[in-house]
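With chain A fixed as given, assemble chain B onto it according to the hints.
Protein chains in written order, with my numbering: chain A, 1 to 109; chain B, 1 to 386.
Calculated from the structure, these hints are not laboratory results. Ideal Cβ positions, reconstructed from N, Cα and C, are used throughout, including at glycine. Treat the hints with care, since some could be wrong.
Claimed, not checked - Footprint (simulated), chain A over chain B, 3 or more residues, beta carbon under 8 Å:
1) 13-20
2) 58-72
3) 87-95
4) 181-192
Unchecked claim - Footprint (simulated), chain B over chain A, 3 or more residues, beta carbon under 8 Å:
5) 19-29
6) 43-52
7) 55-65
Stated by the list, open to error - Partner residues are not named here, just some residues of chain A that face chain B (Cβ under 7 Å, in silico):
8) Gly-3
9) Gly-9
10) Leu-15
11) Asp-35
12) Ala-37
13) Leu-40
14) Leu-68
15) Gly-69
16) Leu-70
17) Phe-75
18) Ile-79
19) Ala-80
20) Met-85
21) Ala-86
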Amino acid sequence: MSGLVGTAGALTAALVVAAVALTVARMLRGPGTADRAVALDLLGMIAVSGCALLALGIGNIALLDIGLGLGLVGFISAIAVAGLMARAPQREVRERDAERVAREEDTPR
Amino acid sequence: MTEALAILFLLAGGAVTLIAAIGVARLPDAFLRMHAATKAGVVGSGLILIGVGFAFNDFDTWLRVGLIVAFLLVTTPVSAHGLGLGAYLGGAPLWGGTTADQLAGVLKRHAFDETAEQAAQRRREAAASDAPPRRVLVALAGGTGAAASIEAGLLRLPEGPKRLTLFALVDVAAFAGRDPARLAAARAEAAQLAEEVGRIADGLGLPWTLVQGEGDAAARWREAARAHDIAIAPIAGWFDQGQAEAPERSALRFADPAALPLLLPAPGAEPPERLLVLAEEPGAAAALMRRFLASGLDPGAALLLAATGRAGGPAALAEAAALARAAGREVAVLPDALADDAAPDVTALGAEGVVLDGSSAACRDAAAETPCRRVLREAAPSVLLA
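Isolated chain A, as found in the complex (with noise of 0.2 Å):
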């Protein structure tokens, strides 16, 4: 393995780190579940790159197989978030917080 490949898999993987910390960042902010999940599936595909650049990095190439089985879990949990905010949410659940906050203001301190 030659100085320059090395050099560039040094790079990619800053490029990697400012995309995971973007990514990051919109999983922190939301503001929705939704938002949340996207990022988490990203976050998943970047972790499969990083598990690449990792085998690079060190010289085995026994860290594809991890990649691989990141990929599988990632895109498992993607489909997972989908499904539980296609099912309807616990609106009766917020309701009742709701309910609660408004007596709460309503209550003097």
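Showing chain B alone in chain A's frame:
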């Protein structure tokens, strides 16, 4: 050579991945973010993997790289579709600049996940504001002269928030086998009428949207009527802008799918002070009165109740009169039964408009010689089909 390719693919993959992340961070709604994450994301990862493949460039690596890339290419569209569907059903808000939501009315959306505080705020606002705005469907039919008729109808709408849909159609079928110049004239008239009515609505401070189209006017009118609370149509006009049909048939065509209160106002009339409410079927008077009161139209008008002989005469009107009185309306009952087969002389009875039962057989049966059909055919003073 393979090293150069490895460097190229690695850097390109890193750049595309970063672009995907920028898209996820910066795009305005969940659907656009999903599009950036899944499309650019899979390309970025794939390029990096291929770069790694070139860096090692042996069978074991290429096998794994090929497997992972193929797997990503197969699963990403599925997860993208799933996430988009989940976000839509979950009620994720659409960006304000979205021009078309083709799933609106096809899929049922839940409320967007909101915090308890936001839910409480929404309930407060819902409690503070009145009922949802009345959706008023306005038929831009009958040509330029129809604007006065539509304006008379708009003045009779109830108080409270309202939203107008100006419905401009050209009934192309009505022009089959006619001079094409007439169709062109109808199009020009429809456009002019839309402009005129838009100005009138602006003057009255009513928010409006314009829907334009051509085709099977009767079917499209029926379809639009389902999504509205009140309809207004000029009493003598159809979607041919007076270019194809005899005007006396027009009111009948609007009336046929009377699934909602249909107001057919006379041109330029003031809001009526006295309305004739005519029951033509036995036992239907109370239901007619209930629908009329619910429509909220002509809140200031006094009511004159009348029944034909077939409906049982004035005796059948007691419940309807009681309902109207309970709603705070001024009511009188006409002591004599009206004829079963002639249009009532509304003006002679001192009224300025007539309320008919649009759901009754007397109004729906095209062959019937009932007061309702006669009133519609003669395009007499303002008509309200409740």
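Now for the hints, and whether the structure bears them out:
1. Residue count for the region 13-20 of chain B with a Cβ under 8 Å from a Cβ of chain A: 6. That meets the three needed, and the coverage hint holds.
2. With 8 residues bearing a CB less than 8 Å from a CB of chain A, the region 58-72 of chain B meets the requirement of three and the coverage assertion stands.
3. With 6 residues having a Cβ less than 8 Å from any Cβ of chain A, the region 87-95 of chain B passes the three-residue criterion, so the hint holds.
4. Remark: the region 181-192 of chain B is not confirmed as covered by chain A, as 0 of its residues place a Cβ nearer than 8 Å to a Cβ of that chain, below the required three.
5. Judged by the Cβ-Cβ criterion of 8 Å, the region 19-29 of chain A is covered by chain B as claimed, because 7 of its residues qualify and three suffice.
6. With 5 residues having a beta carbon nearer than 8 Å to a beta carbon of chain B, the region 43-52 of chain A meets the requirement of three or more and the stated coverage holds.
7. For the region 55-65 of chain A, the assignment as covered by chain B holds, since 5 residues bring a beta-carbon within under 8 Å of that chain's beta-carbons and 3 suffice.
8. Using the Cβ-Cβ criterion of 7 Å, the hint placing Gly-3/A at the interface with chain B is not satisfied: the shortest such distance is roughly 10 Å.
9. For Gly-9/A, the interface hint holds, since its Cβ comes within 7 Å of a Cβ in chain B; the closest pair sits about 6 Å apart.
10. Hint status for Leu-15/A: holds, given a least beta-carbon distance of 3 Å to chain B, under 7 Å.
11. Here the hint on Asp-35/A is kept, as its CB sits about 5 Å from the closest CB of chain B, short of 7 Å.
12. Below 7 Å, beta-carbon pairs count as interface contacts, and Ala-37/A has one with chain B at about 6 Å; its hint therefore holds.
13. The beta carbon of Leu-40/A comes no nearer than 9 Å to any beta carbon in chain B, farther than 7 Å, and the hint placing it at the interface is violated.
14. Hint status for Leu-68/A relative to chain B: holds, with the closest Cβ pair at about 5 Å, below 7 Å.
15. Interface restraint check for Gly-69/A: the shortest CB-CB distance to chain B comes to about 10 Å, outside 7 Å, so the restraint is violated.
16. Given the 7 Å rule on beta carbons, the hint for Leu-70/A is violated: about 9 Å separates it from the nearest Cβ of chain B.
17. Contact between Phe-75/A and chain B, as hinted, is supported at the beta carbon level, the nearest pair being about 4 Å apart and thus within 7 Å.
18. Annotation: Ile-79/A was flagged as interfacial toward chain B, and the flag holds, the nearest CB pair being 5 Å apart, inside 7 Å.
19. About 9 Å separates the beta-carbon of Ala-80/A from the nearest beta-carbon of chain B, more than 7 Å, and the hint is not met.
20. Of the supplied interface hints, the one on Met-85/A holds, with its beta-carbon coming within about 3 Å of a beta-carbon of chain B, less than 7 Å.
21. The interface hint given for Ala-86/A holds, since its Cβ lies 4 Å from the closest Cβ of chain B, which is under the 7 Å cut-off.
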